[in-house]
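Here is what each chain is made of, one letter per residue.
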Amino acid sequence: MSGHERDGAAAIEARGLSKSFDGRAALRDVSFTARAGELLAVIGPNGAGKTTLLSILAGIRGADAGTLSVPGEVGWVPQGAALYRRLTVAENLRLFARLERVADVEGGVERMLEQARLAERRDDQVATLSGGNQQRVNIAIGLLSEPAVLLLDEPSTGLDPRQRARLWEFVLDLAGAGTTVIYSTHHLHEAERYGSRLLVLADGERVFDGTSAELHAAVGGGEHDFESAFVAFLRERGH
Amino acid sequence: MRWLLIKDLQILRRSPLIVALLIVYPVALGVLIGFALSADNSKPRVAFLNEIPETEQLQIGSGGSGEIDPAQAREQLCSRVECVDVDSRAEAEQKVTDGDVIAALILPPDLLDKLRSLASLNPQEPKVEVLVNQDDPVKASLVDDRIQALITEANLLLSQRISDEAANYLDLLIKGGEFSLPVVGSFDVLGLQQAGRILHAVGGQLPRGSPAREAVARVTRFADLARQNLDFALPLLGAVAEPISVDKQVVAGNTSELDTFAIAVAAAVTLMFVTVLLVAGSLALEREENAFARITRGLVGTTGLLVEKLLLGIVASIAVTLLLLAALTPLVSIDWGRAPLILAAIVVGGAAFAAFGAAIGALTREVRASSLLAFMISLPIAFLSLVPSGTVSGGVFDVIRVVRALFPFDPALDALQGALDSAGPDVVTALVHLLAVAVAYAVISRVALRRFA
Ligand SMILES: Nc1ncnc2c1ncn2[C@@H]1O[C@H](COP(=O)(O)OP(=O)(O)OP(=O)(O)O)[C@@H](O)[C@H]1O
Ligand SMILES: [Mg+2]
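Protein sequence lines, in the order shown, are assigned to chains A and B.
So the first sequence is residues 0 to 238, counted in numbering that gives the first Met the number 0.
So the second sequence is residues 0 to 452, counted in numbering that gives the first Met the number 0.
In short, the hints are calculated from the structure, not lab data.
Treat the hints with care, as some may be off.
Unchecked claim - Here are the simulated distance ranges between beta carbons:
#1 A:E168 - B:L16: 32 to 42 Å
#2 B:T428 - A:S129: 56 to 66 Å
#3 A:D208 - B:E287: 32 to 42 Å
#4 A:D159 - B:E365: 27 to 37 Å
#5 B:A19 - A:G22: 44 to 54 Å
No residue lacks a Cβ here, since even glycine has one placed at the ideal position from N, Cα and C.
Chain A extracted, bound-state conformation (with noise of 0.2 Å):
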């Protein structure tokens, strides 16, 4: 990617997001702090607040309490593709660079036909692309804009493991670019493997910052994998 080479300074800092629905708390006094290129896993159980929050970040809901500072473009890739299928590749990724006001627009969906690798299938609609195929064109246009900050919802659900390697070495690749990818995830080996921090939400709450490996020594090192260690974390706090 075309130059967010920054330093250890902060991509993003959220402190004491807060946001109710109706009353009900989704999220509740969550900090963190996430730097540029690094890879910020948020995991937690269903309804924990895991979309809640990159919401908040995207800037698509308003938090209630809080304070957000994100410096640059953010590129916000939602929970399940939210494109036209009844539009191309193609034309899907030239809609949003145009309502993005990407200055380039045929470059910049080039470019992501390129990354996305998807030229062959520019031209054909969305409804006929698989499953991953269509996660990656939701993607790409996430980052359309070239932002300095990528969040990912859930990126890789419903793609094969092969994809979702695929999948995995292009996120990689962002971030050894530059681009802070602050990502939610049920796979949490996903977590483990390529988040170089996990943040853990519980009932709205962070319960967790920090990395696998403390992850693991919060539950004593006892289990031996660590889908057994984040259910035992999660067993200990109550939830």
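Using the hints provided, position chain B with the ligands relative to the given structure of chain A.
Structure of chain B with the ligands alone, referenced to chain A:
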């Protein structure tokens, strides 16, 4: 916003089946409703059998004014109903039985003879025959009414001619003059005036006090009295010939042609379904495709998206309604000189329907639910707007009027009708009403969109 609009049109182009349904169905429905409404008011077909020998003319009294031409009478009849000329009674009966015509009118061969006898000393009752098919009681009674009205009119005409003739006789009786009878030939009639004068002169020559002079004086007084009173009888006869004359004036309600009304209904129904379904569906689709949050996050805000959907609705309104009107042009008369008004009605009507559709789309948030709701609301509202005043009680009609005013169909129908025909409702009032409705629904949509993502 332009790109979103292009995107929506692209999506539509890629969904030919939906587009076809979205256009064909409302157009078909609109045309059907429009013509079903006006069909009842169209001229009924009536078989017409004239058995009167062609050469015969009806002459009551003397002079050109006494002539009644059967051909002219036929013309009068056929301006009210569509006449189907038949050659025999059997053919007339067959046509009625087949339902090809709803009635047959038969003028028997001796009709003129009997009519003539009315002015003679031995009057006979003239009769015409009407055959009716009672299969369709509504239409049958309609025809009954029309034929009855025609006969009444004919009777009036005849009684006027007969009273004119009677007046001529009276005039002759009063003033005297030449009179001719077919067999006897022409002779002179003295007349009451003249008789009075002669008697007066004769009376003057008789010796005073003679019984003859007294008798002549009595006859003279009678002659004067009779003349004076018969003078009054003349205008009285005229009054009898046409006791009540009707001066029909339409003071309220729509005076535009039925054709125009049918087109306006067809156009309004089409406009409503196409626009409401399209906008509601298209807005709901943004959410179903999960794209709403993504596009409203960019430079197109929620309000921008709403405006885009309204534009989409207006574009579709113009396209489909003009298509419909163009398709109807060979069948009915459309005054294209009023095109700017028609366009204004379509654009503002389209905007109101689009806003209404957007509200449905924003509230239902699902394509299928929005389509269903659009149908469930639109159709009854349209029918409600077609309920004529006077068919329900006043209180109910007031409620109907309020409900109508809250939805775009009624003002859109008024605007289209007024735009198509100068005799229709006021276009400006209807457009202002539509704008108010459009703004109200746009506000409702905007509020509903807050909970959309
Ligand atoms: N639009 C909304 N209206 C009402 N409640 C909501 C809304 N969005 C989320 N919530 C509630 O907020 C809480 C957190 O939801 P969120 O979608 O953030 O969870 P999540 O961690 O992403 O779950 P999952 O793993 O299933 O995606 C849940 O209780 C959810 O029901
Ligand atoms: Mg989620």
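Okay, which hints does this one fail, numbers in order?
Violated hints: none at all, because every hint is consistent with the structure.
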